[in-house]
Amino acid sequence: MNAAPAPFPGGRTLAHHKAAPLAQPIVPAPRPRALNLPLHGYAGEPEPDLEARLQVQPGQRVVAGELLLAHQDDAHPALHAPLAGVFTGLHRCAAPTDPWAAAQHLQIEVATDAEPVQPPDDAPADLDLTGVSATDVIEALKRCGVVGLGGARFPTAEKVRHGQGAVETLIINGVGCEPYIACDEALMYARPRAIILGARLLARALAARRIVIALEDPVADAHGSLVTRLNDDLQALGPVDVEIDVVQVPERYPQGAERQLIQTLTGQAIPHHQLPQSFGLLVSNVATAASAFDATIHQRPLTHRVVTVTGPAMAQPMNVYAPIGSAVADLIELAGGRPDDNARWVLGGPLSGQPIHNLAASIDKGSLCVLGLPEESSSARQSPLPCINCGFCVSVCPAQLLPQQLFKLAQHGQHTEAQALGMMDCIECGLCAEVCPSHLPLVDAYRHSKDWLRAQQRDERAQQRAKRRFDARQARIEKQQSADQARRQARAERLQSQAAAQSEIEAALARARAKKTGPHSPTESGKTGKTGESGDKGNGGDPAT
Amino acid sequence: MSVTTGPHRPSRVRVSTVMGRVVIALIPAVAVHTWVFGTGVLVQMALAVGWAYLFEGVMLWARGRALGPFISDHSAALAGVLLALCLPPLAPWYVGATGMLFAIVVAKHLYGGLGQNLFNPAMVGFAVVIIAFPESLTHWVTPRSVDGAVPDMITVLRAIFTGHLPSGMAWDALSQATPLDQIRQGLAAGQTLTEIGQDPMFGGLGSAGWEWIALAYGLGGLYLLKTQTITWHVPGAVVLATVILSLPGWLIDPDQFRSPLQQLMSGALVMAAFFIATDPVTGSATPKGKVVFGIGVALITLAIRAWGGYPDGVAFAVLLMNLCVPLIDAYTRPTIFGHGSARSASSAAKRTERP
Ligand code: SF4
Ligand code: SF4
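Going down the list, the sequences are from chains R and E.
Residues in the first sequence are numbered from 0 upward in steps of one, following numbering that gives the first Met the number 0.
Residues in the second sequence are numbered from 0 upward in steps of one, following numbering that gives the first Met the number 0.
Bear in mind the hints are in silico, worked out from the structure with no lab data behind them.
Hints may contain errors.
Said to hold, decoys possible - Derived lysine-lysine pairs resembling DSS-like cross-links, with alpha carbons at most 30 Å apart: (1) E:K225 with R:K407; (2) E:K225 with R:K514; (3) E:K287 with R:K449.
All of these numbers come straight from a predicted model, not from anything done at the bench.
Sequences and hints are given; from them, build the entire structure.
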């Protein structure tokens with residue numbers, strides 16, 4: 000794996016714009032007045048069984064780190080109060096990037112004396128991990144609500160449980176390939192040992208044999224090499240049972256995307272419908288690893304994350320240690336931006352991020368970056384022209400799709416045709432839109448199309464489920480009916496055979512009476528009756544079993 | 000607060016940039032063309048671009064489209080420049096006008112405008128004038144390198160605007176058949192290529208004057224490749240296919256078959272390779288398809304040159320290949336990431352079993 004990495008197809012080398020936020024250490028967010036913790040699972044669906052899982056009553060005081068929402072069946076992680084205050088209840092407010100979807104939020108009125116939480120120190124060099132079992136790690140991940148912090152928010156406990164035994168190599172993803180987003184680098188500078196130890200804990204839970212920490216090291220010149228840093232810490236932490244490598248990958252967007260990273264490190268191209276686990280691999284973000292460390296060793300719930308607040312619209316770009324549920328507008332102000340500026344506010348990076356429709360909306364565990372790009376005046380901003388089939392998008396597409404054809408199909412609502420051409424293979428990296436000379440909103444069209452397809456699949460699955468239920472019910476009814484039928488028949492037969500026995504007896508008696516001879520006839524008829532009865536029992540018993 | 004959809008950082012390379020780059024890349028060819036054949040090409044170009052904007056404006060208005068963004072994309076102007084470069088420098092004005100009428104009004108706007116046309120507009124225009132004005136198209140100015148002079152501006156303007164030469168000048172003195180035409184007629188008359196090739200019009204590389212223009216197109220093409228405005232697929236395929244297809248015949252019988260070099264250096268093949276067959280709108284969308292498209296253009300051009308009724312077949316070759324694009328695209332789709340040679344999950348799992 001240390002051999003010259005094989006490049007993934009497509010992609011583009013972009014200016015990283017990361018030096019500014021990395022010029023200072025991670026800044027703790029000041030105490031906010033209120034926090035609105037978004038309630039939506041990793042797939043964006045509403046949280047199930049909200050009432051039953053809620054651990055606090057409206058109006059109840061909560062302390063920092065207190066459990067608000069209990070974990071449920073691995074897919075729905077626990078949620079904790081980032082700061083002390085009063086839980087005021089469930090609030091429906093707009094999701095930041097989707098103006099039409101109102102999402103449920105848990106609202107906390109933060110206590111006036113609540114101390115802002117400082118970013119945790121790095122792990123000590125002499126920490127002993129012996130005695131921590133796989134179960135300890137998974138339980139801690141569950142308890143502390145650890146999810147994938149690279150943006151996907153997939154519950155880590157679930158991911159680890161699925162990968163257990165199947166994963167040979169754990170890849171720790173520190174490749175923050177998208178321009179401006181510097182939260183992963185900030186964390187690697189601040190807490191390299193926590194990341195390494197967290198990775199070891201995850202590897203232990205997975206029974207993985209090796210760990211590869213992959214990164215780009217974009218600001219090595221200005222701020223020192225991360226590769227050296229991590230290697231030094233590996234030395235300092237001493238020999239361990241797993242093999243750990245630090246691999247620097249070439250700077251190329253979207254190098255940090257899961258499948259592109261795997262391709263670069265292993266040469267294995269994994270299609271969208273297969274999981275890395277099937278190939279003995281699992282990718283986890285550096286922040287997730289650090290969070291796994293905090294959860295397992297310090298029982299610290301995941302209540303804060305590092306968010307890069309940056310872009311030309313910010314006077315002082317920075318990495319903020321922000322409580323989950325912080326308002327985007329507060330973060331912008333902290334970094335010296337003006338929320339009422341005519342800027343283009345983006346949640347996420349400049350390529351794959353989504354425009355923020357409501358700055359009062361709050362960040363969740365998967366928010367990497369708040370980006371403020373200057374909005375060109377409307378005259379400079381050209382309205383989209385038709386696609387000229389220039390093929391620029393084809394050359395950069397890392398999924399090797401024909402973005403212009405997908406776009407046309409999506410625009411015409413031919414989503415099923417688009418799916419046949421690989422719509423679901425699109426990783427929404429946004430490169431095609433960025434190089435398009437016609438300025439077409441390609442990725443927006445794909446998101447719409449994919450939503451449509453997923454809804455369709457959900458519908459289909461619901462229909463199938465309904466059909467399965469119906470069929471099962473039908474089968475049950477039929478079985479019941481045939482059982483009844485059999486029982487009825489059996490009874491009828493029994494009655495009949497009793498009647499037959501009776502009549503035989505009578506006939507025999509009659510014969511006996513008529514002949515007045517030998518006494519063995521009744522025995523014979525008794526036998527017949529007996530056989531009939533046992534046959535009855537067998538028939539009657541069968542359907543019931 | 001304004002909320003607009005992506006892209007968040009719209010590309011600074013716009014459609015007008017792309018078209019502009021192509022025009023810039025044509026500068027060397029236009030310069031050499033002017034040197035070889037005189038200022039006629041410049042006048043033709045000015046007229047054709049003028050017609051292009053006029054027809055474009057009228058059609059946008061007629062179709063109720065916004066004038067601003069579309070007229071400033073320069074695609075119409077590019078079509079004008081390309082057509083002008085194909086016309087004989089002294090062709091009367093209505094030849095270019097007819098060409099542009101069909102290029103912009105019919106080939107482009109009646110098919111839905113920018114990005115929607117099936118056929119290369121400049122080539123539609125050129126094909127129409129080849130058929131409509133065969134006579135005008137045979138009067139090619141004798142290259143400077145052959146008779147040491149090119150027509151002066153007065154002659155050029157008179158010829159273009161009145162269709163006549165100034166008194167005392169004859170077409171025969173000023174013009175000659177193109178080398179391609181000469182070969183076609185010579186071969187038809189039973190001459191061998193060696194005999195035909197004695198004429199000074201065949202220059203050093205197979206076509207006096209034309210060869211330098213072809214090289215200038217190549218130079219401009221390199222600029223397009225360097226700026227990644229085009230990919231290597233189309234020009235590479237056209238040039239390589241031309242060489243490979245014409246090589247065997249030439250090796251077997253150089254008296255009947257032209258050398259690959261002469262094929263490339265005469266006529267419009269290099270121009271087509273870098274500037275016509277690379278038209279994105281009417282070309283294939285896929286990398287493999289672009290190669291197929293380029294091979295097709297070379298193949299049909301050579302076939303028309305060898306057996307067809309026209310001395311050069313580039314325009315028809317491109318139009319025929321335009322016709323095949325949907326088919327080519329359907330069969331040359333790239334393999335989606337992970338779908339092709341990907342080892343199956345089970346075999347990979349087995350692989351990881353190995354200690
Ligand atoms: S980059 Fe834009 S204009 Fe070019 S082919 Fe792709 S979608 Fe069409
Ligand atoms: S957003 Fe999708 S279609 Fe566009 S380049 Fe990325 S993977 Fe390809």
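How the hints compare with the structure:
1. E:K225 with R:K407: The given pair, whose Cα atoms are some 29 Å apart, holds under the 30 Å limit.
2. E:K225 with R:K514: At roughly 122 Å apart (the allowed maximum being 30 Å), K514 of chain R and K225 of chain E break the hint.
3. E:K287 with R:K449: At roughly 27 Å apart (the allowed maximum being 30 Å), K449 of chain R and K287 of chain E satisfy the hint.
Of the hints listed earlier, the one the structure fails to meet is number 2.
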